[in-house]
Amino acid sequence: MEEKQLSEKESLELITSMINKAKNKVTESGALYLFWGWLILLCCIVQFVGLHFFNYAYSFYVWYSTWILLIFQFFYIIKQKKSLGVKSYTGEINGFVWLAFFICMVLVIFISIHFKYYEIIFPLILVMYGIPTFLSGIILKFRPLIIGGACCWAFSFLSSFVTSEYQSLFIAAAVIAAWIIPGYILKQNFKKEKNNGV
Amino acid sequence: MEFKELDPTLHSQLRLAVMSLLISVKEAEFTFLKEKTNATSGNLSVQISKLKEAGYIEIVKQFNNNYPQTICKITPVGIEAFENYVKALQSYMTL
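Chains as they are written, first to last, in this note's numbering: chain P, 31 to 228; chain H, 845 to 939.
None of these hints come from the bench; they were simulated from the model.
These figures come from a predicted structure and were not determined experimentally.
There's no promise every hint is true.
What the hints assert, rightly or not - Below are the BS3-like pairs computed for lysine-lysine, each with C-alpha atoms no more than 25 Å apart in a straight line: (1) 111(P) / 217(P); (2) 917(H) / 905(H); (3) 224(P) / 53(P); (4) 51(P) / 870(H); (5) 878(H) / 39(P); (6) 917(H) / 217(P); (7) 39(P) / 931(H); (8) 53(P) / 222(P).
As the list claims (entries may be wrong) - Computed, partial: chain H to chain P, Cβ under 8 Å: (9) 868; (10) 872; (11) 873; (12) 885.
Using N, Cα and C, we set each Cβ at its ideal position, and we do this for glycine too.
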């Protein structure tokens, strides 16, 4: 950038262009939505197939694989922060929303198991899923996530009318609506912006 | 109509570009500012030092995995100066 005397109009144009550059840089790549979406979908299918077709009571052990992704996510976020070179206000708020969700979800699962209310775990998880998904949609101004969040709440309501065996299918439907579909749209938008050299 | 004087610290292409980037984010690395402004490292370094001297930005130098990292962040004084600069520009534009 050459140093030159700016006119008032040029100054305002420069401010607008720089603000847009900073705004576009922090677009979500959708990777974490896809990682989590596909893993949870897989866990739901494995659990349902195990229980329904093989009557295998321990098929819920597949959920322990989420801890592996959690560790991977920790390193992925550190790496991503380094490559972005910038910390945005929306990114930070979004991160805290998901952290609050994670803490609340662990507590909800613990309390449900503690009081032996096993059949309400999945409907409650869906209620919880809806909150960060919906809020991320609002923060990122991204309609598919807002719709995804609303779908989680609708599936939560519906899942309370079926047995726990079938509830995992509602979770599977919810992750497709709330994470996998928005994840692919985010990924596509991110690629487009990258190709445009923004 | 009252004319507001344009802040000379901000009325420079590169310094204004840096302040416009920093007002949009919480903090940014030197490399991010360099990439977005297309400035040379030397020039950018001089201009951010001037912004720091004016109290408009904070600069934190640290090491990340043995690599030096310079992080810049706008200060409340910088935000106020930027807002006043934009108001002054608007007063000229509405003439």
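Taking the hints in turn, this is what the structure says about them:
1. 111(P) / 217(P): holds (17 Å)
2. 917(H) / 905(H): Judged against 25 Å, a Cα distance of about 12 Å means the pair holds.
3. 224(P) / 53(P): holds (13 Å)
4. 51(P) / 870(H): holds (14 Å)
5. 878(H) / 39(P): Holds - the C-alpha atoms of residue 39(P) and residue 878(H) are around 23 Å apart, at most 25 Å.
6. 917(H) / 217(P): At roughly 29 Å apart (the allowed maximum being 25 Å), residue 217(P) and residue 917(H) break the hint.
7. 39(P) / 931(H): holds (13 Å)
8. 53(P) / 222(P): The hint holds at about 15 Å.
9. 868: Holds, about 4 Å.
10. 872: Holds. Min distance 4 Å.
11. 873: holds (4 Å)
12. 885: violated (12 Å)
Checked against the numbered hints listed earlier, the structure breaks hints 6, 12; every other hint is satisfied.
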